[in-house]
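Protein chains in written order, with this note's numbering: chain A, 1 to 115; chain W, 116 to 225.
If you're looking for bench data, these hints aren't it; they were derived computationally from the structure. As the structure is a computational prediction, the values presented were derived from the model and not from experiment. One or more hints might be untrue.
Claimed, not checked - Computed cross-link-like contacts, DSSO-like style, restricted to lysine-lysine with a CA-CA straight-line distance of at most 30 Å:
no., chain 1, residue 1, chain 2, residue 2
1, W, K186, A, K57
2, W, K186, A, K78
3, A, K42, W, K183
4, A, K83, W, K157
5, A, K57, W, K152
6, W, K172, W, K137
7, A, K42, W, K173
8, A, K78, W, K137
This is what each chain is made of:
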Amino acid sequence: EPEVTQTPSHQVTQMGQEVILRCVPISNHLYFYWYRQILGQKVEFLVSFYNNEISEKSEIFDDQFSVERPDGSNFTLKIRSTKLEDSAMYFCASSEDEGADTEAFFGQGTRLTVV
Amino acid sequence: GENVEQHPSTLSVQEGDSAVIKCTYSDSASNYFPWYKQELGKRPQLIIDIRSNVGEKKDQRIAVTLNKTAKHFSLHITETQPEDSAVYFCAASHGYKLIFGSGTRLLVRP
């Protein structure tokens, strides 16, 4: 069964450093998303991406965040200058069809720890 | 802003009993309502979903009901088993994103 894959599974970084989280969505999917989950809390939307453009972003997704689809398979989330409060599990997701009203498949997550 | 409320936050049931988790949403334009199960340290996995043109959907021991007028939807798990123990999240579509509830930790006691 096709899966969304994310690397690395765990990233530890110093405050102020840049991190790039990588995702390979399911190959025929067209919509891509990043969500995050602070430990013990709910899943929060960060950004959705379609046709090489951001479709929607949340208030969390400020100027320190950016997304890119550098080639036909990868989808990345960059945090330019990490803060302690960026520590969370980051999930990439993809869906086949338009909008958020189709099944989103989640990757296994990258646990980001900012120290 | 858009919001999804989920109750209860924790639920403990005896194996074999039923479990019900309830959610309400704020955006009347939401038309897709998935339920995800998340085991400790793992990804959320879709267990069932429902669209706004349907009032109820069943898949073996799991069912979801939707009341669009009241903006309520519920997850029903019958004949619970210990492996049903996990955190369950409801969600509602809003534009190009899903808005998640705060989660329900379900514990099924053997």
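Each hint tested on the structure:
Between K186 (chain W) and K57 (chain A) the alpha-carbon distance is near 24 Å, which keeps this suggested pair within the 30 Å criterion. Restraint check for K186 (chain W) and K78 (chain A): the C-alpha separation of about 36 Å exceeds 30 Å, so the hint is violated. At most 30 Å may separate the alpha-carbon atoms for a hinted pair to count; K42 (chain A) and K183 (chain W) meet this at roughly 23 Å. Annotation: proposed proximity of K83 (chain A) to K157 (chain W) holds, straight-line Cα distance about 24 Å (limit 30 Å).
A threshold of 30 Å between alpha carbons decides the hint, and for K57 (chain A) with K152 (chain W) the separation of about 25 Å falls inside it, so the pair holds. A C-alpha spacing of about 15 Å is found between K172 (chain W) and K137 (chain W), which places the hinted pair at or below 30 Å, so the restraint holds. For the hint pairing K42 (chain A) with K173 (chain W), the CA-to-CA distance comes to about 25 Å; that is within 30 Å, so the pair holds. A hinted pair counts as satisfied when its Cα atoms are at most 30 Å apart, and K78 (chain A) with K137 (chain W) does not qualify at roughly 36 Å.
Hint check: violations occur at hints 2, 8; the rest are consistent with the structure.
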